[in-house]
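Please arrange chains B and C on chain A, whose structure you already have, making use of the hints.
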Amino acid sequence: MTTNALTKPGGSGRTGDKVFSTASMAAGILILVTLFAVALFLFLQAIPAFTADPAEVSGGKGFLSYIWPIVIGTVIAAAIAIVLATPVGLGVALFISHYAPRRLAAPLGYVIDLLAAIPSVIYGIWGYLVLAPVLVPGYEWLNANLGFIPLFGGPVSQTGKTMLTAGIVLAVMVLPIITSLSREIFLQTPGLHEEAALALGATRWEMIRMSVLPFARAGIISAVMLGLGRALGETMAVALVLSTGNLIPSLIKSGNQTIAAEIALNFPEAFGLRMSELIAAGLVLFIITLAVNMVARWIISRHQEFSGAN
Amino acid sequence: MSKRIDVSDLNVYYSKFRAVEDVNIKIDAKSVTAFIGPSGCGKSTFLRTLNRMHEVIPGATVEGKVLLDGDNLYDAGVDPVTVRSQIGMVFQRPNPFPTMSIRDNVLAGVKLNARRIGKSDADDLVESSLRGANLWNEVKDRLDKPGSGLSGGQQQRLCIARTIAVKPQVILMDEPCSALDPISTLAIEDLINEMKNDYTVVIVTHNMQQAARVSDKTAFFNIAGTGKPGKLIEFDETATIFNNPSVKATEDYVSGRFG
Amino acid sequence: MSTTTLTPTPTPTRRNRLSKGRLPRWAIPAVGLAALILGAAGSTLGGFSVASFLIYAALLFVVGATLATTAVEGRRQGTNSFFKYLVVGAFLLALIPLVSVLYTVLERGLPGMTSDFLFHSMNGMTGAVDNETVAAGTPVLGGAYHAVVGTLLITLCSTVISVPVGMLAAIYLVEYGQGKMLSRGITFFVDVMTGIPSIVAGLFAAALFGLMFGPSTRMGIVAAVALSVLMIPTVVRSTEEMLKIVPNELREASYALGVRKWRTITKVVIPTAISGIASGVTLAIARVIGETAPILVTAGLANSINFNVFSNWMATLPTFIYYQILNPTSPTNIDPSAQRAWAAALLLIIMVMVLNLGARLIARIFSPKTGR
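Chains as they are written, first to last, in this note's numbering: chain A, 2 to 311; chain B, 17 to 275; chain C, 2 to 373.
Keep in mind that the hints were calculated from the coordinates and are not lab data. Not one of these hints is a red herring.
With a cut-off of at most 35 Å between alpha-carbon atoms, the simulated DSBU-like pairs for lysine-lysine come out as follows:
hint : chain 1 : residue 1 : chain 2 : residue 2
1    : C       : K85       : B       : K183
2    : C       : K21       : B       : K127
3    : B       : K46       : C       : K21
4    : B       : K135      : C       : K21
5    : C       : K268      : A       : K19
6    : C       : K245      : A       : K19
7    : B       : K19       : C       : K85
8    : C       : K262      : A       : K19
9    : B       : K127      : B       : K19
10   : B       : K81       : C       : K21
11   : B       : K247      : C       : K21
Every value quoted in this text rests on a predicted model; they were computed, and no experiment measured them.
Okay, chain A solo, but in the shape it has when bound (with noise of 0.2 Å):
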């Protein structure tokens, strides 16, 4: 049919635009369908563990209970993450944008968009074998140190392989989002409002107060929120860097899980109920990166001047 409309001159060419536009939609449509499938096939393998005899289920008090200390686990280690990489990601696009030579900006800009480009499980090999050995000395004095705080209490990992490590890995990771998606955002800022703060006598940082950080707010937001969403849902940091255990304070001794971490492990071995309770534990990291999206692309498209950020 296509070819038809291909070699035949006038009229019969609309089929081939019927064709056309009707196999574009089509694909759109296709995309909704699939992420509507995600949930839907997710919830349909998941059933089995919520209706369950609880006693079967891993832990033997049913799924809620399950499933709670690795909710809990997951939304720490996004917690570190967020707040290492939100001053550092706004340092580094500040720094981009307003204070490194103007003919620095771009190459500098691609540097840190290599971070991003380094496949997951490289870091998290890199947490594991590199970060975390370094780290046990530091944790040993936050424990002697600051010991009394249930966050710091011991004893100490001696392999670095905690809660603190991985977030400062998921940290790493999420930094590049939150980088280059602010730095877009800064760069927007007219020249007009930055020129009105320094005619006034502002200094750098007061102009930066005065015009780009209020313009970009929402922007900021945004990007601290999809940084969240990335560290919520990433797996292989995560699943290589802790030792797992069970949900504890402390972030610099083995133990907590966090969701992601916890399908990867157990998955490959998973069959039977074991598999539907790995699914619906998914059906919970979706749901809850889904909300976090969600509000994130929302606070974008409340500011419209915003949306050609990426």
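Frame of chain A; chains B and C shown alone:
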């Protein structure tokens, strides 16, 4: 509260291209000086060098001296921030800070210098600055509304109020009326006439009638051709420039016979 | 304030009042030097280490330089320079992991880059083989050939699925759906889809094929479907951006010649935007080629070469790295496995970097001659 400016042998470059050549000019305190000339003759570029705002443009450099009551703006060790808090600037297009209220816009520059300004002092300053910019009566009931909600002419007067609130010595205006309608333009021109009682005002304008109406002295800039640097052709009393100029090019320009 | 004369040239001896109260030029380098010395001293007190030395020196410098600036130039300048040091410090801090990762991968990966590694699989490589090579001190046997094959095949399949779907969807969004409810919905959910955790995409493909072919179905195509879920939104976004910047005049010129809309799109719009689309697709491939988690739950793990994506388990470079580190081939002698893992990491980084540079090159070389 106002200072004079003496410029000697000033050249402005964009990277290697010389945009303005050998300007010597003496701008009196408490007067209005207008810069006129065809587009691209370097008058706005030159104006920006008077408070080092040209440094915002990448590659722009300056050689020569600009003395503010005898102090060279371009001496090593002079901070552009210090310069700009003494020499304020009003831009071609009104640029109030969009996220701030009218009140905060007026106080924006002041808050930089005096962190703890009392509420009543701040209120007084807002009122006096807005009165100084002939805007008080129009906005006194909505000081907490965003500045971007005002009309173009009101926004421009808000920018002037913001500039005079920091009590500068000199106010530079870069075609302040070119984005405004005639009625708003008239309001700004009235304001400039009042401002010269307190400030040294330098204004760049495309509109020769405006220069004739508001200025005491007028400087005519011209350019020999595309790719050539702009030069100061003639600088004199406004009446002389418009009625009896000494250079032929000036006469051609002010009488509309240019080009 | 002294009264000034109105003479145009002031006496050259008088100090410039505008430069009053500025730090001399040598002050900041001096503070830096002092911070280095004091930092070294402080670090040596508690047993010298490079990390503590750098931390001490950086803290001392930021505090010292800020205080010096505040004392001489005032609080505003002090705040200004404080934030300047923080911002520069953030950038340097961000470089540390980048440099460390690249250095580690190069240092530990290069020794393993042998022809044996590149052209042999792990077929028949048991712990005993590794133990023998360690005992005899001979080169490590076994390699990642099967994983390279798996990576290339799975990535190829997901590209074949994602590119047509993604491009057509983007064409719909830009050319047909402007302002319609459906297109706004698609745009929103494509954005949301970019945030799906990769492990969830893997679970989706596993669950889908599990329903169709029975649980624990593991084969290359399942992984390709999982990667497509991750890749399609990236392709849609980049294609959409590129189609949007094609000027409307071109479309109108084509319509005015009596050309049909779909011919206009395929013959005028897409060729104009093709360089940007191609580089976007390349970046999308670079993104999914390093994905590990979805492969773990969909393609399983294999030690031998498998060219068929429609049957049996397959290995990819990321899962190869993961298992070599987590479950070394020989639990007693883990060095051969570590060497293979780092070599595979180096190979993977090279592939990703080549794709990234390729994307920039494509964008530059094939950009339309009218542009820029």
